[in-house]
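Okay, here's what each chain looks like letter by letter:
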Amino acid sequence: MTTQQETTRNFCIIAHIDHGKSTLADRLLEYTGALSAREMTKQVLDNMDLEKERGITIKLKAIRVKYKADDGIEYTLNLIDTPGHVDFNYEVSRSLAACEGALLVVDAAQGIEAQTLANVYLALENDLEIIPVINKIDLPSANPEEVKRQIEEVIGLDTSNAILTSAKTGVGTKEILEAIVKYIPPPQGDRHAPLQALIFDSHFDAYKGAIPYVRVVNGSIKPGMQIRMMGTGKVAEVTEVGVLTPAIKQVASLDGGDVGFLAAQIKNVKDTQVGDTITDDKNPAPLELPGYRKANPMVYCGLYPLDTSEYNELKDALEKLQLNDAALIYEPETSLALGFGFRCGFLGLLHMEIVRERLERENGLDLLVTAPSVNYRITTTEGEILEVDNPVNLPDVQKIGYIEEPYVKATILVPSEFVGSIMELTRERRGTFINMEYITEKRVMLTYELPLSEIIYDFFDQLKSRTKGYASLDYELCGYRESDLVKLDILVNGEVVDALSCIVHRDKAYQRGRALAYKLARLIPRQMFEVPIQAAIGNKVIARETVKALRKNVLEKCYGGDISRKRKLLEKQKEGKKRMKQVGSVEIPQEAFMAVLEIDE
Amino acid sequence: MVFSYLYVHIPFCLQKCNYCDFVSFTNGSEESMVIYSQLLENEISFWQKQNTLGNLQTVYFGGGTPSIMPVDCLAHFLSCLPLDKNAEISLEANPATLNIQKLRALKQCGFNRISIGLQSFHEGLLKSMGRLHDANDGMIMVENARKAGFDNINIDLMYGLPGQTIDIWRDTLRKAIALQTEHISVYGLHLEESTPWGKAEASGALLLPEEDASLAMWQITHHVLAKAGFENYEIANYARPGFACRHNLAYWQREDYLGIGLAAASCWQNKRWVNTENWQTYTQCWQNHTCAPYEEEVLTMGQVLAERIFLGLRLKNGICIAEIEEQFGVDLRTRFYKDMLPLFQNDLLAEKDGFWYLTQRGKLLANEVFAVFLP
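Just so you know, the protein sequences line up as chains B and R, in that order. Just so we're aligned, residue 1 is where the first sequence starts under this note's numbering, counting upward by one. Just so we're aligned, residue 1 is where the second sequence starts under this note's numbering, counting upward by one.
These are calculated hints, taken from the structure and not from any lab test. Positions of the beta carbon are idealized from the N, C-alpha and C atoms, including for glycine. Worth double-checking, as some hints may not be accurate.
Stated by the list, open to error - Partial pick of chain R residues on the chain B-facing surface, computed with a CB cut under 7 Å: (1) E231; (2) I235; (3) E297; (4) F336; (5) L365.
As the list claims (entries may be wrong) - In silico lysine-lysine, BS3-like type, Cα no more than 30 Å apart, as pairs: (6) R/K175 with R/K102; (7) R/K175 with B/K572; (8) B/K315 with R/K338; (9) B/K572 with R/K102; (10) B/K578 with R/K338; (11) R/K199 with B/K548; (12) B/K409 with B/K508; (13) B/K572 with R/K199; (14) B/K442 with B/K464; (15) R/K316 with B/K577.
Could you build all of it, start to finish, from the sequences and the hints given here?
Pasting the structure below:
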């Protein structure tokens, strides 16, 4: 006899970005009848507009499907989606903890990439059964045998059970489902033991409150039950438990080994922290499950409303967004130039962009984003240690003993012909060479240590453009190193604009200052008067540019009395001005504050 | 609702100029012009039946090229109008559509002001603009208009044209002054996206004069025309004393006016509307004496106030602060103080005898000034 637990399989799909993870997930849902082909809007798992537009998965979700296998038994498969971008590695590890197995998807034409490796290591750490899936075999350039060899040699995985598939055409879908049933072990756990359920994600629903997504390890959860979050101590009564099929479907209970969601009128998502363990309040488990380490922000920036009167709206919007994005942190800050705003911490630049876009789109806000910074560690001459993630807060030079900055260990996979380009790029970015390994005859894995601040300045774009798009990158923090850093200030019309200050390496300060002044002079539109733009270190001006005064802006013709047309042109002009920030008497466009990211030295 | 100012749109041209995006057709037969003028009469009678035409102070035929129309049609149309005995009746004209007989006939049927689109006296520029007349045609037609009895003549000129130099412009102004007209309009080239030149500019194929050269042309214009006895009574308009265009003044003073014809614009207090641009729709409706569709905009009080201010500021004397404050019940200094301050500080706007007016610099940056008053 088979129990429900024995016929359950919890798995996720891990892949380098663009290797076809979401398409494969769609194919599995389609094959198992969770969705008819006609119901399939393209890529169901990516349901945020942003995810569809950018072709990436940001928030994970768990979907339950039924599959009748060749052995005649109907299995319950829980597919837990994982994000594919390096910024969200942290979230990958969360979903892995809810599974017993993983499909490792590798593009048959491209082979192993940097994130393939990073994800596999995460999966191995979590003791997951890994099934290699070689995707896109329909491509003319596909070379599945070579990819198999890479998987065996580089990762050390047996590929005898590897599945060749094309998520695009649907070839191999059934084989994947059979392999899931055959190779991935059913969940262990005692459904009669006291409840232990791991929260691996949560989102906020305006009607039902915080909705935690859980993996039940032991025991079961039913409506009417009093539950307790073991970490926060919050107690609540369960009103609903269910699964996504992918439509929301209520179920009678979630039992040991199951994956699903629950609702319990929890007002605050902070009460259902990801990584916390849910237990039965009346019959608590003795121990919490091992949780997750907290996601640490890698980059910081200031977010300011363009219209200063929208500060409260921004505050509410951040609060609301944080309910669904625990990795986002923020606190109020005040800029002399920009007024009241928030200092925010993000997992990476993509995360930052996504947060900004969501704040603007979902709340109708116009935001100004300051250049991103990393977190610097300053030891003062008196031996005190300060953490500074905003250049404005850097103490006076006299008080600084030394500054340390965060470094990352970066793994770059690239065809061997581009090794020279990578070495050049990493040298420009103050990188230290650690290791070089041939993973095949033609592909090399390079390991470097680089300052994080150098990675956030268009490193990835440079990497792609210098290797014709062939390089892939993964990185993780590896500690703090002492560096010779200085604060670079920008003066617009003679006044320091604090939001344009940045911390740079002394050897690069002149170059950066000149490039930044040049770029700003081209981004700031001509005003009614001449505007000097200067870059300075301390009191020393190192670069100067001028935005010439605007000399003519008049519409002379009359449009045959069609004054509306004239007025609309003026309204458009005024609208453009509203998109700018008044700093002193100068109007500075939003892009200027990000200029430091885009300068071409 | 009673209108004293009437605009009539004539959507026919011999050829479309490369910078023009007004509604006009180049394939109009004489027959379609006759039909069109009948429709204009239908439209005007629609308004007359509702007693909305007062003693008309001005009638302005704009286009397109109004002078392309058969004179009989224009004459018959005028005869339908309740004209004030001192009404200003203007016609825009292209030299390529004029001759002395036609000019005499136009004068005869009541037109007392003619506005001739000369644009330039430089053959190369006229050609590249897509004009069908040469410099000589232009000058002859001004003289002919004079001979035909017109004692209120305007000429239009354009500067900032691709290929135009400061010297060419000086020469144009000299020749224009020599024609001794009562009025000169001077327009800087403004590129509209949909026009051939607009598209050429977008693709980088249009070589416009440098900013310094354009500015110099503007400054020379002011200097030279002032010396020749013209008053710059509005940003783009110059006239000998007593010859300001009364119809255009009505626009700048934000009077109510009625526009009839295809794509014509009208204004009544806080409403503005523009007739359909669609020839089929327009003709089908008015053939059946039903009002053709129009696009109406109801302005907020803030928008009306802004218009009143920015239109008024185009005029030499600017706006009378007390008059507007009384009309709208607002304190202008309180309402706009913060945003206006930089305008005074940067010498764009000045105050004198209870008026605000644009300085010379302010005229050049007029849009910067105007935008401040928009809600």
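Q. Is the straight-line distance between the alpha-carbon of R/K316 and that of B/K577 30 Å or less?
A. holds, 27 Å
Q) Taken at face value, is the distance from the CA of R/K199 to the CA of B/K572 at most 30 Å? A) holds, 20 Å
**Q.** Restraint status (C-alpha distance of R/K175 to B/K572 at most 30 Å)
**A.** Roughly 38 Å between the alpha carbons, so the hint for R/K175 and B/K572 is violated.
Q: Starting from B/K572, check that the Cα of R/K102 is at most 30 Å away, please.
A: Status violated; Cα separation ~43 Å.
Q: Please work out if R/K175 and R/K102 have their alpha carbons no farther apart than 30 Å.
A: holds, 24 Å
Q: Tell me if R/E297 is really an interface residue toward chain B, meaning its C-beta lies closer than 7 Å to one of theirs.
A: holds, 6 Å
Q: Compare the distance between the alpha carbons of R/K199 and B/K548 with 30 Å, and conclude whether the hinted pair is satisfied.
A: Since the Cα atoms of R/K199 and B/K548 sit roughly 27 Å apart, the hinted pair holds (cutoff 30 Å).
(Q) Checking hints one by one. Is R/L365 an interface residue toward chain B, by the C-beta closer than 7 Å rule? (A) Because about 5 Å separates R/L365 from the closest Cβ in chain B, which is inside the 7 Å limit, the hint holds.
Q) Can we keep the R/I235 interface hint, with Cβ of chain B closer than 7 Å? A) holds, 6 Å
Q.
Hint validation: R/E231 versus chain B, beta carbon distance must be below 7 Å. Holds or violated?
A. violated, 16 Å
Q) Keeping to a limit of 30 Å between CA atoms, is the pair of B/K409 and B/K508 held or broken? A) At roughly 22 Å apart (the allowed maximum being 30 Å), B/K508 and B/K409 satisfy the hint.
Q.
Check the hint pairing B/K578 with R/K338 against an upper bound of 30 Å on the C-alpha distance.
A. holds, 15 Å
Hint check: violations occur at hints 1, 4, 7 and 9; the rest are consistent with the structure.
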